[in-house]
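Letter by letter, the chains look like this.
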Amino acid sequence: MITGMERLVAAMNGEKSDRIPVFCNLLDQGAKELGISTLKEYYSNGEYVAEAQLKMREKYGYDNVWSLFYVGKEAELLGCQKIIYATDGPPNVEHFVIQSDADIEKLQVPEDITSHPAWAEELKCLQILKREAKGKYPICAYLTASMTLPAILMGMDKWFELLFFGSHDLRDLLLSKCSEFFHKEVTAYRNAGADIILYANPFGSTDFVPKKQFQNLSMPWMKKDLEPVGIDDVVYYCGSSRMNNVIEPVMEQLNLKSFYLSPNDDVAAGKKIVANRGLTCGVINDIRLIGQKPKCAAKCNALLRLAWQGGNLRLAHW
Amino acid sequence: MLTEIIAAYNEAVFDTDRDSALEIIHCALESGVSPEDIVFQVVIPAMELMIKSISEDFDANLAQHFMASQIASQVTEEMVAKFKKSPEIIGTVILGTSHGDMHTLGKRIVSGCLRSLMIDVVDLGVNVAPEKFVDEAVAHNAPVIAISSMMMHTARSDLGCIKVREILKERNLEAKIKIVVGGAPYRWDPNLYKIVQADAWAEDGITAGKVIKDLIMEMKK
Numbered sequence: 006m007i008t009g010m011e012r013l014v015a016a017m018n019g020e021k022s023d024r025i026p027v028f029c030n031l032l033d034q035g036a037k038e039l040g041i042s043t044l045k046e047y048y049s050n051g052e053y054v055a056e057a058q059l060k061m062r063e064k065y066g067y068d069n070v071w072s073l074f075y076v077g078k079e080a081e082l083l084g085c086q087k088i089i090y091a092t093d094g095p096p097n098v099e100h101f102v103i104q105s106d107a108d109i110e111k112l113q114v115p116e117d118i119t120s121h122p123a124w125a126e127e128l129k130c131l132q133i134l135k136r137e138a139k140g141k142y143p144i145c146a147y148l149t150a151s152m153t154l155p156a157i158l159m160g161m162d163k164w165f166e167l168l169f170f171g172s173h174d175l176r177d178l179l180l181s182k183c184s185e186f187f188h189k190e191v192t193a194y195r196n197a198g199a200d201i202i203l204y205a206n207p208f209g210s211t212d213f214v215p216k217k218q219f220q221n222l223s224m225p226w227m228k229k230d231l232e233p234v235g236i237d238d239v240v241y242y243c244g245s246s247r248m249n250n251v252i253e254p255v256m257e258q259l260n261l262k263s264f265y266l267s268p269n270d271d272v273a274a275g276k277k278i279v280a281n282r283g284l285t286c287g288v289i290n291d292i293r294l295i296g297q298k299p300k301c302a303a304k305c306n307a308l309l310r311l312a313w314q315g316g317n318l319r320l321a322h323w
Numbered sequence: 345m346l347t348e349i350i351a352a353y354n355e356a357v358f359d360t361d362r363d364s365a366l367e368i369i370h371c372a373l374e375s376g377v378s379p380e381d382i383v384f385q386v387v388i389p390a391m392e393l394m395i396k397s398i399s400e401d402f403d404a405n406l407a408q409h410f411m412a413s414q415i416a417s418q419v420t421e422e423m424v425a426k427f428k429k430s431p432e433i434i435g436t437v438i439l440g441t442s443h444g445d446m447h448t449l450g451k452r453i454v455s456g457c458l459r460s461l462m463i464d465v466v467d468l469g470v471n472v473a474p475e476k477f478v479d480e481a482v483a484h485n486a487p488v489i490a491i492s493s494m495m496m497h498t499a500r501s502d503l504g505c506i507k508v509r510e511i512l513k514e515r516n517l518e519a520k521i522k523i524v525v526g527g528a529p530y531r532w533d534p535n536l537y538k539i540v541q542a543d544a545w546a547e548d549g550i551t552a553g554k555v556i557k558d559l560i561m562e563m564k565k
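In the order they appear, the protein sequences are chains X and L. 253 is the number that the working numbering gives to position 248 of the first sequence; each next residue is one higher, with no gaps. 345 is the number that the working numbering gives to position 1 of the second sequence; each next residue is one higher, with no gaps.
It is worth saying that the hints were derived from the structure and are not from the lab. Backbone N, C-alpha and C fix where the C-beta goes; we use that ideal spot for every residue, glycine too. There could be a bad hint or two in this list.
Cβ pair distances, simulated, as ranges [as the list claims (entries may be wrong)]: (1) L:518 with X:258: 32 to 42 angstroms; (2) L:547 with X:39: 36 to 46 angstroms; (3) L:535 with X:64: 44 to 54 angstroms; (4) X:93 with L:516: 22 to 32 angstroms.
Just chain X, same shape as in the assembly (with noise of 0.2 angstroms):
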């Protein structure tokens, strides 16, 4: 039978297999799943995380696991203390790193961060999931950018604020050292058994900067993020923040080649300017669909007939 990974390599050379690749990005869904009340003990443990990602792919036959825990991760791998675990949504950095510019100098990137504590339970995950996917289903990594990983470490108004209005200097250095942990971070990732890296930068969107300073600053540090590291499995992603105005600059000067849109694209014009040359991934905005089974299955259909066309896009739910 055919894989999720030979359904995955199917699209990037852009050709059809039996359906398009779906990814589905489940995540604390897995406490449920494995009957554990709360997400602080869920993701205490990377065998939990790992049994429930693995879990859930059989249950409902998509095409990818997550070794993704909470987005915060990254900040505890950089010195957060303090997780607020919520009972019906995401855990969320209640303690920011950086609360001064002192801070800013201070910050320490790890020398090894798999020596890191926080990291010890990201790569329980992955070695279970790299065992038991055995290269069947690819094991997706969510990586920030240096452009947007200050956001989680001191506060989006903050970062805002530091970038617009701040000392330059200072700004850069905290680029860097952000630049520097995702180089880390990357080669961990891999080196453990990530297949696809999310890279995921709402500043290399113009919804949220003027194409100006997209071109003039997140440009230059995604350079400095990607380069050194090689770009084969990255995928381009941008959160919420639409991308299908910046797709042609990203594949003309980084190179990149997969996709991953907002829901607020427009799939059919991002997939018309991706073209041949990669892979689009084409995503459906559930929140807005919740309860409403008809619709969901409708805005699907509708998704994967424009995907089957011409191939070259998969499908996930946001």
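Assemble the complex: chain X is given as a structure, and chain L must be docked to it using the hints.
Just chain L now, kept in the frame of chain X:
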């Protein structure tokens, strides 16, 4: 002359160029435009123009929203200190993020925008308990509570807007205090504000200025 100043100021704001925006304001001041005119004839119309542009599908990005509100707020604060007499404040708003929500950017944009529109803001910060929103609204005689949520679960939480509504009902304050919500989840589902029992919602931080101002004016009637 004011038309030219408004155009130049707006261009600088849209370009996210704070230094140019401030330079334009300071030049206007030096050339004899009064601080009152700068606020009421330049900053507020510029902010209203931005609100109008956004409502007419002008594709402003988050950086422009942030810069517009911060520049307007900064200029207003600087000019108000130079007013011959204190300006009339339209009303007071209690602002904060919902319980469990640590996201600050949207709240900050709303705050800057409101201050530039002559609305006092009591910023309760992040992760605000529902009781606190109501207690502070009563203490400051504020007609509006504005709750910002960045995440779906914090928007829909029983300890968020829904609880604030429940407390307003219990204390018989619904006629005196209205609730406005905003943040990403409300954009994903424009009917969400009804589900969480808010009186109104705003699509972005800049638009929130108009929604809240309109609500205050309506309540004053």
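Results of checking the hints against the structure:
1. L:518 with X:258: 32 to 42 angstroms: violated (55 angstroms)
2. L:547 with X:39: 36 to 46 angstroms: Cβ of residue 547 of chain L to Cβ of residue 39 of chain X: about 38 angstroms, so the range 36 to 46 angstroms holds.
3. L:535 with X:64: 44 to 54 angstroms: violated (31 angstroms)
4. X:93 with L:516: 22 to 32 angstroms: This hint holds: roughly 29 angstroms between Cβ atoms.
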